[in-house]
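Keeping their order, the protein sequence lines are chains D and H.
Quick note: the first sequence, position 11, residue 10 per numbering that gives the first Met the number 0, numbers continuous.
Quick note: the second sequence, position 162, residue 161 per numbering that gives the first Met the number 0, numbers continuous.
Everything labelled a hint here was simulated from the structure, so no lab data went into it.
Model, not experiment: these values are computed from the prediction.
Among the clues, some could well be false.
What the hints assert, rightly or not - Keeping only pairs whose Cα atoms sit at most 30 Å apart, straight-line, the calculated DSS-like set for lysine-lysine is:
#, chain 1, residue 1, chain 2, residue 2
1, D, K57, H, K179
2, H, K458, D, K147
3, H, K171, D, K147
4, H, K600, H, K4
5, H, K565, D, K52
6, H, K163, D, K52
7, H, K163, D, K80
8, D, K109, H, K120
9, H, K191, D, K147
10, H, K431, D, K52
11, H, K168, D, K116
12, D, K32, H, K179
13, D, K52, H, K120
14, D, K109, H, K168
15, D, K46, H, K191
16, H, K4, D, K52
17, H, K75, D, K109
18, D, K80, H, K94
19, H, K75, D, K116
20, H, K168, D, K52
21, H, K163, D, K116
22, H, K179, D, K80
23, H, K191, D, K52
24, H, K66, D, K109
25, H, K179, D, K46
26, D, K52, H, K124
27, D, K80, H, K4
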Amino acid sequence: MPSSIVDQFIEKSAAVNNENYLMSKNELTKIIKPDSYANIPAINLYKDIQIEKNGINKAFIQADYGIAETGTIVLNSTSEKLRMASSLSEHLIIILPESSIVEKLYTIEKYLREKTKQTNSYIAFITGASRTADIERVLTIGVHGPVKMSVFIINDL
Amino acid sequence: MNSFKDSINSKLNDEVLYNNLKNFATSYKKSRSAALTGLDFENLRMEINNRRTYSPDYLETLFHRFKNNAEKAGAKVYRAKTGTDACRYITEVCKTHNTEYIVKSKSMTSEEIRLNDFLEKENLKPVETDLGEWILQIAGEHPSHMVMPAIHKSREQVAEILSKFTGRKIDKDNIDEMVKIAREYLRDYYFKAGVGITGANVAVAETGTIATVTNEGNARLSTTIPPVHIVLLGYEKLVEDFKTALDIINILPKSATGQDISTYVTWIKGCSPSANNPTGDKEVHYVFLDNGRLAFFQHPEFREALKCIRCGSCANICPPYEMVGGHVFGHIYIGAIGLILTALYHGEDKAKDILKLCIGCKACSSICPAGIDLQGIISKLKVITGERYGINPVKKTIHSTIIPNTGVFSTALKTASFFQKPLIAADGKHLKTLPFMPENKDFRTLPAIASDFFTEKFKKHYKKQPDFEKKVLFYPGCAVEYFYPEMGEALIKILNKAGVKVDIPKKPVCCGLPAIASGDGKSGKKIIEKNLKQMGNPEDYDSYLVLCPSCGMAVKEEFPEYTADKPDSYKLSADIAQKTLSLGMFLKKENISLNVKNNAKVTYHTPCHQKRGLGFSAEDMLEEILGNNFVPLEDSDVCCGFGGTYSIDFAGISSGILDKKIENIRKTEAEIVVTDCPGCIMQIEGGLLKRGINTKVIHLSEFIENNLEIM
Numbered sequence: 000m001p002s003s004i005v006d007q008f009i010e011k012s013a014a015v016n017n018e019n020y021l022m023s024k025n026e027l028t029k030i031i032k033p034d035s036y037a038n039i040p041a042i043n044l045y046k047d048i049q050i051e052k053n054g055i056n057k058a059f060i061q062a063d064y065g066i067a068e069t070g071t072i073v074l075n076s077t078s079e080k081l082r083m084a085s086s087l088s089e090h091l092i093i094i095l096p097e098s099s100i101v102e103k104l105y106t107i108e109k110y111l112r113e114k115t116k117q118t119n120s121y122i123a124f125i126t127g128a129s130r131t132a133d134i135e136r137v138l139t140i141g142v143h144g145p146v147k148m149s150v151f152i153i154n155d156l
Numbered sequence: 000m001n002s003f004k005d006s007i008n009s010k011l012n013d014e015v016l017y018n019n020l021k022n023f024a025t026s027y028k029k030s031r032s033a034a035l036t037g038l039d040f041e042n043l044r045m046e047i048n049n050r051r052t053y054s055p056d057y058l059e060t061l062f063h064r065f066k067n068n069a070e071k072a073g074a075k076v077y078r079a080k081t082g083t084d085a086c087r088y089i090t091e092v093c094k095t096h097n098t099e100y101i102v103k104s105k106s107m108t109s110e111e112i113r114l115n116d117f118l119e120k121e122n123l124k125p126v127e128t129d130l131g132e133w134i135l136q137i138a139g140e141h142p143s144h145m146v147m148p149a150i151h152k153s154r155e156q157v158a159e160i161l162s163k164f165t166g167r168k169i170d171k172d173n174i175d176e177m178v179k180i181a182r183e184y185l186r187d188y189y190f191k192a193g194v195g196i197t198g199a200n201v202a203v204a205e206t207g208t209i210a211t212v213t214n215e216g217n218a219r220l221s222t223t224i225p226p227v228h229i230v231l232l233g234y235e236k237l238v239e240d241f242k243t244a245l246d247i248i249n250i251l252p253k254s255a256t257g258q259d260i261s262t263y264v265t266w267i268k269g270c271s272p273s274a275n276n277p278t279g280d281k282e283v284h285y286v287f288l289d290n291g292r293l294a295f296f297q298h299p300e301f302r303e304a305l306k307c308i309r310c311g312s313c314a315n316i317c318p319p320y321e322m323v324g325g326h327v328f329g330h331i332y333i334g335a336i337g338l339i340l341t342a343l344y345h346g347e348d349k350a351k352d353i354l355k356l357c358i359g360c361k362a363c364s365s366i367c368p369a370g371i372d373l374q375g376i377i378s379k380l381k382v383i384t385g386e387r388y389g390i391n392p393v394k395k396t397i398h399s400t401i402i403p404n405t406g407v408f409s410t411a412l413k414t415a416s417f418f419q420k421p422l423i424a425a426d427g428k429h430l431k432t433l434p435f436m437p438e439n440k441d442f443r444t445l446p447a448i449a450s451d452f453f454t455e456k457f458k459k460h461y462k463k464q465p466d467f468e469k470k471v472l473f474y475p476g477c478a479v480e481y482f483y484p485e486m487g488e489a490l491i492k493i494l495n496k497a498g499v500k501v502d503i504p505k506k507p508v509c510c511g512l513p514a515i516a517s518g519d520g521k522s523g524k525k526i527i528e529k530n531l532k533q534m535g536n537p538e539d540y541d542s543y544l545v546l547c548p549s550c551g552m553a554v555k556e557e558f559p560e561y562t563a564d565k566p567d568s569y570k571l572s573a574d575i576a577q578k579t580l581s582l583g584m585f586l587k588k589e590n591i592s593l594n595v596k597n598n599a600k601v602t603y604h605t606p607c608h609q610k611r612g613l614g615f616s617a618e619d620m621l622e623e624i625l626g627n628n629f630v631p632l633e634d635s636d637v638c639c640g641f642g643g644t645y646s647i648d649f650a651g652i653s654s655g656i657l658d659k660k661i662e663n664i665r666k667t668e669a670e671i672v673v674t675d676c677p678g679c680i681m682q683i684e685g686g687l688l689k690r691g692i693n694t695k696v697i698h699l700s701e702f703i704e705n706n707l708e709i710m
C-alpha cells in the first residue's frame, strides 16, 4: 500500500532529523510566539524583527512547496529579511500547507522557471538543518545556519 | 620521479589517511547504493551525458543567452581568458569596494586558478567558509578531496590546528565543540566581509540563474550578508534549462555523499535586495573562466571531461586513490577526473607522472554520473604524455623490439625457463623468493615460466581434434602462453566435450595492451597489426575466445582503435571484436549446462576487465551452479591490484590493494577462489602463497574441468 505524499514527506524529513508535526490552522495560531520572526501569508501573520550577527532564536516561515521524495521545502527567499531569518535563526520552523506538498523534485521545474523569469529571485531548497561531516566524517548538525529545523504541516491549508 | 615516489611512500605510511579512506570507501558504497534505489542510474547518466554534448557554437549561444538574462537583471558578466585574468578582475572589484575580508564558499574553479594566493598577495583576506576548507586554510594546506577536503585529517590533527589558531585548549574528542568554534569565527567573517565569492554548480541559460549546492549553508550566508556577490564559474557549468539543471542536482548528492539531496540548493537570479549595499540591491558579477575550456570544447574526446559535475565519486571508488589520497593522486583536481583536468588545465608536464597512478580498473568510468569514460581518456593521455616525455627505456625496448619479435621473445622466455630451474619451489609451479628482488616489491610468490609453452603443447597434443561443425579461435595471450598453459588446455578439453573445435593463432603474439598501457602507442599499433595477420577469417569462427579479459579488451577495443586509419584492417578487427567472448560468456551463450561434482566452498573474484571491460561477470553463473556452496565475495568487483607492470612500478600501492582483497577472501572462509583472469591469479594466488594461506586460486577454465561436469 503506497504511503500518501504527506507520509512520504514526513519520512524523508524525519530522516534528516527534522521534527514534523501535523496540525490545523487554529492550532498553529495558538503555538506561534508573538516575539519571533514570522512570515506566514496563509494566516496573515507577519512579524519583522532586527537580525544581527548573533542571529535570532526562532523563525516561523511559510514555504511555497514541499517535495515528498526528498523531504525538501521550497522557500522563495528573495526578501532579504526572510533570507536572513531562515539562515540565521537557531531554530527554523517551516509552515507547510499540506496542499502544497508535491511528490517529485521535477514538479518544481515550472515554478523555478516562472520565478527566475523575474528580474531577480532567490529560491531556496532546504532539506534539514545546516550540517557537516568534514571532521573525520562525524556528522554534526548546526554549522553555519540553523541547528534545528521543524516542519509544521497544516492539514487544512 | 624520485620525489614523486617519495611522496607516494610517505602517503602509504600515513595511518590516519589509510584508515580514513578505507572506512569511507566501505560506507560510501553502501550509502550511494541506498540513495540510488529506484533510480535507473545507467539511463539517467546516459541522458545527462547526451543532453550536455554541445558544439562550440551552441555553447556560445548558451553563454549569450545566460549573459543577456543576467545583464538585463543588472548583473555584470565578464569573460576571463586565463586564471590570472579572472584573479585580476575579482581583485579589482574587491578593491573598488574597499573590502578587507572576503568570504568564499567552496569552489574548485577558484582552487584551479589559485585565487586565494592572488588575493592575499594583494593584501586582501579571503576566508574559506566551508568547514573543511577553513580548517585547511588556517593550517596552510590544500584540500585532498573535492567534496570532503579534510578527509586526510584526524580529529587530533584538527584539534591541534584549531588550538593554534584560536589560542584555546581544544578537546580532541569533542567534535561538536570544534564545529561550534568554526561557527563562531565564521559567523563573524560573514558580517565583516564586503564581498562574497562563490562558484556555481550549474548556470541555467534559459533565465540566467545559477544554483549552488552545500550541506553547511555557507553559500547562502556568503551570498546574503555581503553587499557584493562574485560568481566564478567555468563555461562547462552552462546548461540549457531547468530540466537538465535538476538532473544534475538530482544525481550530484547521491553520487557525492550518498544523500538524496544536499541540505541547501540555492537558485539565484539577478541582484537580490541587499540592505548593506547603498543602492539597496546586491552588486553581482559573473566571471566566466576559459583557461583552456573553450579549446577543449572543440576536442571530440577531451570535451567529455568538461561534463564533470564535481561529485568526487571517481576518487571515492578508485583503489589507488584510496591508498595514497588526493595530495598525490591529483594536482589541484583529484581522483580520476583530476588526472585528466590536470593535463588539460595545468599542463601535460604536471600530469605526466600522476597519470601513471591509474591502474586501469575502469571503476571510475562505471560510476561517473555524468557518463564520462574517464579511464578511456586517461589511457589516451598516457599515450600522449608517453610520446612527449618518453617511456622508461627498458620498457620501450621490450615493447618495441623484443615482444613484437615472436622468435626473439619466445627464445628469451625459453632461455629464462631453463635458467629459472634452481629457483623453482617445491610445488614445481612457483618460484622461491628471488634473490635480486627488492624487498618492497616482493609481496607475491611468482609463478614459474612454463617449461612447455601453450602453442607448443597445442601443436603436440591438440592438433587432431574431432572435426566439429562449430569452431572457435582461442587467443591465449602471454599469461596463458608462457605461464599458465594448463588453463588453455582445460579450455580445449571443455569445449571439445561440448562439441566445439578450437583453433589458435599460428604463432603466439602479445595483444599489445602492456605497450599501450605504458604509453607506447606506436609499439602497440605494430603488434596489433601483426596479430591481425593470424586471427583467421571471422566468417569461419562462431566466436573468438579469451581466458584473459585484458587481452579480450585489447581485441575488442584497442584493435579497432589502432587500425582506424586502415579500412581493411579496421573491418577485420571490428568483425573479430564483435565475436570476442570470455569462456564464461561463451558457455552462457551456448546454454551449456554444468553440474557440480563436489562440495567445496567457493567464492569468486570479478576481474576488472571482465565486468567493466567485456561486460560480463561469471558470479551469477557460479552461484546458480554451486547453490549453497557459493559464498559471495565482498567487493568482488574491486581491483585486485595487479594492473600488469603496475604491480612492479607501484608495488606499494598494488600490495596495499591486494591486502584488502585478501582480507575479504579470508572473511568468506572459502576453500577455492575462482576467477577468470590470469593476471588476477598471479596477483591473488601470489599474495596468498606469500602469506602461507591455504586458499586455492583457480581459473574458471580449470575449475570447470576439475570440479564441474558438462551435461
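Practice item. Could you grab the alpha-carbon distance between K168(H) and K116(D) and see if it respects the 30 Å cut-off? Key: 51 Å, violated
Check your understanding: Quick one, are K458(H) and K147(D) close enough, alpha carbons at most 30 Å?
Key -> It is violated: about 77 Å lies between the C-alpha atoms, which goes past 30 Å.
Check your understanding: Within 30 Å, alpha carbon to alpha carbon, are K565(H) and K52(D)?
Key -> Outside the cut-off at roughly 70 Å; violated.
Review point. Are the Cα positions of K191(H) and K52(D) separated by 30 Å at most?
Key: 10 Å, holds
Check your understanding: Do the alpha carbons of K80(D) and K94(H) lie within 30 Å of each other, as the hint requires?
Key -> Within the cut-off at roughly 27 Å; holds.
Review point. Is the hinted pair K32(D) and K179(H) satisfied, with a Cα-Cα distance of at most 30 Å?
Key: 27 Å, holds
Review point. Taking only the CA atoms, is the gap from K52(D) to K124(H) under or equal to 30 Å?
Key: 20 Å, holds
Check your understanding: Does K147(D) lie within 30 Å of K171(H) when you go C-alpha to C-alpha?
Key -> With Cα atoms ~25 Å apart, K171(H) and K147(D) stay inside 30 Å; holds.
Check your understanding: Does the structure keep K46(D) and K191(H) at a Cα separation of 30 Å or less?
Key -> The given pair, whose Cα atoms are some 27 Å apart, holds under the 30 Å limit.
**Study point:** Proposed proximity, K109(D) with K66(H) (alpha carbon, max 30 Å)
**Key:** At roughly 21 Å apart (the allowed maximum being 30 Å), K109(D) and K66(H) satisfy the hint.
Point to revise | Restraint status (C-alpha distance of K600(H) to K4(H) at most 30 Å) | key: 41 Å, violated
Review point. Going straight from one Cα to the other, do K80(D) and K4(H) come out at no more than 30 Å?
Key: Status violated; Cα separation ~55 Å.
In this structure, the hints that do not hold are numbers 2, 4, 5, 7, 8, 10, 11, 14, 16, 21, 27, in rising order.
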